[in-house]
Amino acid sequence: MIISIASGKGGTGKTTVATNLAVAIGSDVQLLDCDVEEPNSHLFINPVFEKTITVTTPVPEVDEKKCNLCGKCDEICQFKAIIVIADTTVMIFPELCHSCGGCEKVCPENAIKETSRELGIIQKGYRNGIEFVHGKLRVGEAMSPPLIVKVRSFARPDKFTIIDAPPGTSCPVIASMKNTDFILLVTEPTPFGLHDLKLAVGAVKMLNIPCGLVINRSDVGDNKVKDFAKKEGVPVLLEIPFDRNIAEAYSRGDMIVEKLPGFKEKFLTLYDNIKKIVS
Amino acid sequence: MKELIIISGKGGTGKTSLMAAFAYIAENKVLCDADVDAADLHLVTAPDILEKHDFQGGNTAVINKDKCTECGLCIDLCKWGAISETFEVNSIECEGCGVCVYFCPEKAIDFPLNTCGEWYISNTRFGPLVHARLGIAEENSGRLVSLVRNEAKKLAEEKGLDLILTDGPPGIGCPVIASIGGADAVLIVTEPSVSGKHDMQRVVQLANHFKVPAFLCVNKFDLNKDITGEIENFAKEKGLTCLGYIPFDQTFTKAMIQGQTIFEYDSGSAAGQAIRKIWESISEKLDDLRASS
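Residue numbers (my numbering), protein chains in the order written: chain A, 1 to 279; chain B, 280 to 572.
Each hint should be verified, as a subset may be incorrect.
Estimated spans, in silico, between C-beta atoms of each pair [said to hold, decoys possible]:
hint, chain 1, residue 1, chain 2, residue 2, range
1, B, S546, A, K224, 23 to 31 Å
2, B, A325, A, D87, 49 to 57 Å
3, A, E64, B, F390, 29 to 37 Å
4, B, K344, A, M91, 49 to 57 Å
Below 25 Å or equal to it, Euclidean Cα-Cα: the simulated DSS-like pairs (lysine-lysine) are [unchecked claim]:
hint, chain 1, residue 1, chain 2, residue 2
5, B, K386, B, K433
6, B, K386, A, K72
7, A, K205, A, K275
8, B, K358, B, K346
9, B, K533, B, K490
10, A, K66, A, K124
11, B, K331, B, K490
12, A, K275, A, K231
13, B, K438, A, K105
14, B, K433, A, K198
15, A, K51, A, K65
16, B, K386, A, K105
17, B, K504, B, K432
18, A, K80, B, K438
19, A, K259, B, K504
20, B, K386, A, K80
21, B, K358, A, K178
22, B, K533, A, K230
23, B, K533, A, K224
24, A, K159, A, K51
25, A, K226, B, K344
26, B, K504, A, K72
27, B, K346, A, K198
28, B, K346, A, K105
29, A, K65, A, K105
30, B, K490, B, K504
31, B, K344, B, K281
32, B, K331, A, K150
33, B, K533, B, K556
34, A, K80, B, K358
35, B, K433, B, K490
36, B, K517, B, K490
37, A, K205, A, K124
38, B, K281, B, K517
39, B, K358, A, K113
40, A, K205, A, K226
Hints in this document: simulated from the structure, not taken from any laboratory. Positions of the beta carbon are idealized from the N, C-alpha and C atoms, including for glycine.
Starting from the given sequences, assemble the full structure and let the hints guide the process.
If you want it as structure tokens, here you go:
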């Protein structure tokens with residue numbers, strides 16, 4: 001089974017939920033941190049990394065001896081990553097390239113070869129019974145979805161796999177949520193939390209995946225998040241009240257299931273309820 | 280004219296609440312919400328929308344079944360696996376690269392332009408606001424960010440305003456790069472947690488990579504004074520100016536629930552005092568940048 005933890009708004013507690021759920025379960029569980037722009041789960045899990053892989057994406061390189069500046073590559077490229085300047089030169093902007101392979105395919109002179117651009121790295125490690133994988137986008141790299149797809153390729157069907165997704169509702173989030181069995185949304189009961197939750201529920205509905213809700217800092221705001229969840233038929237599976245001890249434990253990188261009483265049981269109940277909904 | 284972008288790396292450190300507070304204090308400015316993926320500034324600024332425009336960005340392949348002979352070339356060519364065996368294009372998977380469109384021997388694939396969001400010019404009680412809404416699951420957030428920034432610039436020029444205050448998105452990827460490229464300065468809002476510090480360090484690297492001057496401030500600094508100290512040391516090492524420290528204050532949340540800035544909700548809060556000081560420092564820095572340009 002594979003579930004993703006998402007939120008719309010950033011900073012609502014995705015990583016708290018993902019890491020504590022993984023630690024509460026403790027064995028036969030995988031945690032894949034797909035927030036490759038700002039991966040944080042490792043700061044809480046402290047895995048021993050045993051493997052680091054550099055991930056690249058193909059980009060074109062032009063053999064200027066063969067190129068006759070016909071301009072077909074410029075014409076097919078939708079992303080302005082290869083530009084032919086009127087009969088004088090061909091320029092490549094590798095950071096804009098989406099790796100569609102169109103230019104190489106269309107070139108009548110076979111003048112385009114594949115080279116690569118580094119997207120970032122993937123690290124894999126363990127902590128006790130938890131298998132941990134995350135991606136780290138190279139600083140300066142704009143495109144996170146291809147790296148997210150690579151992180152997800154580590155998911156193993158025989159395990160319970162938890163994906164920590166990035167905030168928002170655009171392409172990196174969709175890449176993290178699609179083809180999962182369940183989406184656990186995490187929000188806070190504030191106007192910002194509610195507004196972004198609505199967007200996240202919209203994305204979940206579009207993907208047609210069952211979902212549930214965790215309300216973090218559940219006593220700081222108003223009731224509008226609960227009203228919305230009820231109206232949309234999204235079950236509230238866990239509420240975590242605001243507690244300065246939790247905020248301080250989080251700030252240090254401590255796990256609340258290990259440091260505060262009662263939370264391990266709460267997260268295991270959450271786990272059981274997710275399994276019930278999915279099966 | 281100067282453009283200041285508020286970013287954080289990590290989400291939820293208080294970018295938008297701080298931005299709203301600055302909107303209340305700053306004068307002669309245009310506001311801009313560049314977090315087009317999960318825009319929240321309008322929830323506090325209550326904009327009165329004056330202009331609404333469609334945002335078109337990118338294309339999606341659509342197979343015309345009448346012309347398609349099911350040769351399968353498009354399926355082989357598609358690097359995204361977006362075309363099913365029954366020759367349906369999954370619009371979520373389609374990258375809009377147009378390779379299938381170009382090579383289809385029957386010219387059976389249309390390539391319509393997507394309307395993937397809207398952008399607006401509005402009036403608020405703090406002055407003009409340029410903002411946008413990217414459709415759910417849409418791409419091209421970077422292009423929409425560039426568009427709202429350009430429109431904010433045009434508006435500032437038209438109205439003779441000398442400051443653009445921009446609320447940026449979280450992360451370090453495409454929309455953040457589009458938000459900070461060519462800006463005069465970024466203010467990074469961090470918090471003293473292992474994750475807040477980690478993400479701040481990456482976004483500092485990003486600002487350096489694009490050669491945008493960066494300033495720092497620490498929200499909820501008293502939640503973990505050890506890590507606040509580590510952030511301070513990091514700033515010193517990198518030659519980064521930390522402009523101020525905002526105490527943990529639930530007035531922020533209370534104000535947000537009322538749709539108000541922290542100053543409107545409570546003019547004397549401890550967090551509010553700290554924000555005023557940060558704004559004074561930022562203004563001086565922007566004046567220095569004006570003087571040197």
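| query | Which numbered hints turn out to be false for this structure? | reply | 4, 5, 9, 10, 11, 13, 14, 15, 17, 18, 25, 26, 27, 30, 31, 32 and 37
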